[in-house]
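Protein sequences appear in the order of chains Y and V. Last residue of the first sequence: 176 (our numbering), numbering continuous. Last residue of the second sequence: 176 (our numbering), numbering continuous.
Be careful, since some hints might not be right.
Stated by the list, open to error - Derived lysine to aspartate or glutamate pairs resembling EDC-like cross-links, with alpha carbons at most 20 Å apart: (1) V:K108 x V:D76; (2) V:K157 x V:E136; (3) V:K158 x V:E136; (4) V:K108 x Y:E136; (5) Y:K157 x Y:E44; (6) Y:K108 x V:E15.
None of these hints come from the bench; they were simulated from the model.
Each chain, written out:
There are 2 protein chains.
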Amino acid sequence: MDMERVNSMGFGEFVDVFGNIIEKCPLVAAAVWSQRPFSDSEDLENHFFAFIDALPRSGQEGILRCHPDLAGRDLHQGTLTAESQREQSQAGLTSLDADDQLRLQKLNALYRERFGFPFVLAARLSDRDTVLRELARRLHCQPELELHTALGEVKKIGHLRLADLLGADPARVE
Amino acid sequence: MDMERVNSMGFGEFVDVFGNIIEKCPLVAAAVWSQRPFSDSEDLENHFFAFIDALPRSGQEGILRCHPDLAGRDLHQGTLTAESQREQSQAGLTSLDADDQLRLQKLNALYRERFGFPFVLAARLSDRDTVLRELARRLHCQPELELHTALGEVKKIGHLRLADLLGADPARVE
């Protein structure tokens, strides 16, 4: 999909196509449409990220709270978004053994309790061992730093989802 | 549901319950959770509205763009949210005759073209004739005023949806 095509979209189509670049937050795509035309995929992406950066802290935490737990309730109930399902599957989180599953559940709960939002990580850039290690490590970070880290992961996820749609180079964030 | 119950919710449950107070924008509820505890339903509601008011203009337009057309594509495809389905049904928009249907479609398209967001109105406080009359009237308003009017309708819708959940008095906005 080239940018001429993207720039020709009405807001309805734009939100249909880009509404889940930020997980379960079509509001962000719907706001970004105001900024068209976009010069290239990086320009489009920067508008998504600028919107997130401009939100008050409650809104940034809100974006994180719209993400599912990794290998959590939505995965087991089959209610993940298509994008999340694919990403968690690629990281091997759909086929954990019982021990890893239990460990992840406990760490996710501790993390949510400490920070007030779920553990978010770009699963496609990761695997089972890295997810568990990163979760155990970030659980002990300071809240300010952790909010920053988690939003960085939201942006990595968004970059990869945009690259899927636009056929851009996904390597830049790895 | 009393406020003690609301204030005891984790963010997951809070977003499950209040995620569609603002149509298809669970981000708003997810952000409002940061502001707990809430003293009463009006306090809770005010946090939803304050979040909307604090958004940049693109974000406020984005909220409007997450709303469906009245008697539009989502109604005909059966993809409305449960709340919208009920509201549009109560206003008689699910049983329009062919002439009214066509007239509404044309006016909706003109409105979207002029303002860059769909025509939003608290359908439960309205009926078929009022919807058509208001749409024809607001189509000629100035964009700044119309954005303000449309966000006022978003708040009326949110007030009624909150009243449904909390059992509060819905009469205040009528």
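Here's how the hints hold up against the structure:
1. V:K108 x V:D76: With Cα atoms ~16 Å apart, V:K108 and V:D76 stay inside 20 Å; holds.
2. V:K157 x V:E136: It holds: about 17 Å lies between the C-alpha atoms, which stays within 20 Å.
3. V:K158 x V:E136: 15 Å, holds
4. V:K108 x Y:E136: Not satisfied, since the Cα-Cα distance of roughly 53 Å exceeds 20 Å.
5. Y:K157 x Y:E44: 12 Å, holds
6. Y:K108 x V:E15: 18 Å, holds
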